[in-house]
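J.: Below are the chains, spelled out letter by letter.
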Amino acid sequence: MSRKRVVSATINGDLVEFLCEPRQTLLEVLRNVLELTGAKEGCSNGNCGACTVLMNGRPVVSCLVLAMEAEGAEIRTIEGVACGSHLDEVQQAFLQGAALQCGICTPGFIMQTEALLAENPQPSEDEIRFYLAGNLCRCTGYDKIVRAVQSAAAQRQQASHSTQATR
Amino acid sequence: MKAFEYAAPSTEAEAIELMTERAGTVEILAGGTDLVGLMKQMLVNPDRVVNLMEIRSLREIEPTPSGGVSIGAAVSLEQILDSHYLDPYASLKQAINNISSMQLRCQGTLGGELCQRPQCWFFRGGHGLLGDDGRAVAQGDNRYHAVFANAGPAKFVNNSRLAPALIVRDARLRIVGPSPDAEQWVDLADFYRIPRHGEQRENVLRAGQFVSHIELPDPGSFQCATYEVRQGAGPEYPLTAAAARLNVQSGVVRDAKIVLGHVAPTPWRSEDAEHELIGKPLTAETIEAAGLAAIRLATPLSRNEYKVTLAQVSVERAVRMAAGLPPGGF
Ligand SMILES: Cc1cc2nc3c(=O)[nH]c(=O)nc-3n(C[C@H](O)[C@H](O)[C@H](O)COP(=O)(O)OP(=O)(O)OC[C@H]3O[C@@H](n4cnc5c(N)ncnc54)[C@H](O)[C@@H]3O)c2cc1C
Ligand code: FES
Ligand code: FES
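These protein sequences, in sequence, are chains A and B.
If you use numbering that gives the first Met the number 0, the first sequence corresponds to residues 0 to 166, in order.
If you use numbering that gives the first Met the number 0, the second sequence corresponds to residues 0 to 329, in order.
Please keep in mind that the hints were generated in silico from the structure rather than gathered at the bench.
Since no wrong hints were added, every one of them can be taken at face value.
Computed cross-link-like contacts, DMTMM-like style, restricted to lysine to aspartate or glutamate with a CA-CA straight-line distance of at most 25 Å: (1) 1/B - 34/A; (2) 92/B - 59/B; (3) 3/A - 46/B; (4) 92/B - 124/A; (5) 92/B - 126/A.
Okay, chain B solo, but in the shape it has when bound (with noise of 0.2 Å):
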């Protein structure tokens, strides 16, 4: 690792002056289970690290007034899991459960969970992000990149497990900076962004910035469930993910919300998808209409076809999970 300076300040505030306050460039750590691999490497070169982990807001989980549930960002992921707050959403939990090793879930917290960096082999090989201008992915080894949204230089995938399973619940997001007292709500399916450029992240936030609480509404009744196709049963990030809400009445789909992960630089959310199942009846017939309604839309790159006959798995297993059936297949 370069050497950076380090500071755990105590309040909202001290952070955010640490960030301001010219100090070269910043990291914000939390569990550090992606950041410090990142500095390691010497992928990530920060000047200065603030730790988030001792300011005792931003480790909290609290019911909101509103019937919601209120998650600091430095939350550890066990943390959650053993919330009753959290029992309502039963699939943020299952996806949490599906990070399979218990030291990264007493470690890694939900902030950073949500901001990691892309796994891309390229990034992570030292090519960056963009790698020379997205040729470095077209012309390599592309089987685990992005299936949706990668015409431009990015074509990594958003590898985060939880985003998919909160946007469907219509998570927002706390963010502030980089002045003290500043604060805005982004709803997290806003947060994420396609970067054009070397300078540009994966996400809205600015220098001075970062997200303090998730906040999920009421839990409504709507049934939610997330399906991930996995090589094996160890740490590895799974190959394509799916996490679906429905509210279905008298056997007719409502409304729903059908989000992939792992298939485009940010979570994909599927409105076609979508308009397959509202309205209808939740037969086989309308499921596999959905699975393919939300692949219309794909540009596998050379090696990665496969990935979209496993998104489109994906969004049926997430679909009939949902509505309490049994996923099929294995």
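So here's chain A without its partners, still in its complex pose (with noise of 0.2 Å):
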């Protein structure tokens, strides 16, 4: 029972402890305790999807996640998914189809489709709108989105095709 705790969590590869109340949420700790302020507050009620982070390797609105959940948890937030300044295929895909305006969903976007790759890793564009539809986009329209979504996922089977190939 607690008012104050620690909480130890694997975030980005890294095993961070910090101090937190019940009524704080994984976002708010990660954004304003952490600085990790990739993680975007849109609707601060599950609507918009702009605070999907990975818990345990599925998406989550962290806005709805108190952050005493956090405890033991592995978190992946959009600080890693670059591998230094070397971004990976859906953010460039993202960049490079102009999938983004003002970029406030853009965080969110991008995690959910880690997520939907690492499932299925060649999505139909019905199945790209399914898992994307917890998302909401006021800017740039869907259309681009989901035509980046597609690039970054045939960039990733063209490099593990090559991979296999050099094997």
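With the hints as a guide, bring both chains together as one complex.
T.: Structure, rendered in structure tokens:
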């Protein structure tokens, strides 16, 4: 039973400990305590998906997760996607396909796409739209986003074929 | 959010103890997709929150000796979709797929879905569940409110998408607490109640009790379907919905069960519609008669007469789908 507690979680591969109160959400702690401001607060009530992070591999809206629930969890945020300054295929595809305007929704879309491609490396357009339905974008329109996901999937397929070929 | 104590017990008995020792008001946390929002808006202000997600037995889907399936209350909606044990209950999976946010399917649990609080905008706007003894809804914008059983102060609708699909399957709930070894089984159909005053909630759970498991009987040779009338393809709730279960032999309906959703403060069974089907051949006329019978008792409010027509359409289309016919419409 506790009011304040130290929570330990693995965030983007690093074991992190933070002090928090039960009433703080994971999103608040990521942004305000850990200074991982990539996950965005769009609506704060589960509707927009801008705060999506992966918790034990599954996409969750971090605005509706209590930080206490992260105890022992493995969390991946947008900050853990690029390798140094080397963007991954999904980030690259969003950039090249102009799949963003203001960019508020983008970290959520990218994390959701990471979850999709991990589970289904070659999704159809319908599968992409179904999987991303919990992420809202007010500026770009969804066609460019869907095309970016398709292009990232193709890039990743190609990359995995060429690594297999060189083995 | 107001400050509260938090605990994540690892057994049912510990959870019950945490809920019953003198701790002020207690709320159960499962996936949190409803509760955390309610706490943020300060509509629900518990002194203590007990998280069920660390209790292993509540996170399992298992076949039962009688040929059915037991689903732990803290099983996520995604786990249900992925479970082969639940393949014979396709209409349940269909109802989950209608919740069109992947994040909510990963995070939300079956127990939370069944116990979610009403979406009624007077409740969510801070006017209370029975706002001014029902007058707030009666005199206000009640376009999404109940068209059945709305004579009392409760005029909200039950928003569970899965309850109708589970009730037509005769699902039962295992409820535990308030003493450490107390358990009881309740038909899901009898779990919901219409609150008469502000102290009552929308289901029969008493302080110190929670739902631990949902049990489905043997899938049998029924044909089931759920049909929802929706405004768009986003994560909105349907305007009305119906679940149908049919047992058709040689073209004649031997047995039928019809439950509507989003039309009353509880899931709404229509025995009138069932009577129109049982013993009759399944024709366009009997299906239409069932739809009309389903709305015979409707008492729409000032701005929701349209929902009565949608309720009729939901029943007709759910029956058509259960019978393997195209639902019709767009
Ligand atoms: C943007 C958005 C869209 C949504 N769309 C839908 C939708 O289309 N259809 C739909 O049905 N729901 C929808 N929901 C509501 C909700 O997210 C889901 O119903 C979800 O399945 C709730 O589960 P949870 O585990 O997150 O519940 P929680 O938030 O953890 O709990 C919900 C309520 O049930 C109680 N509770 C939870 N588990 C138990 C238990 N085992 N015993 C007793 N009480 C319990 C809690 O105390 C709380 O009052 C939506 C929510 C959001 C934020
Ligand atoms: S900020 Fe979490 S879903 Fe919008
Ligand atoms: S780019 Fe602005 S919300 Fe999507």
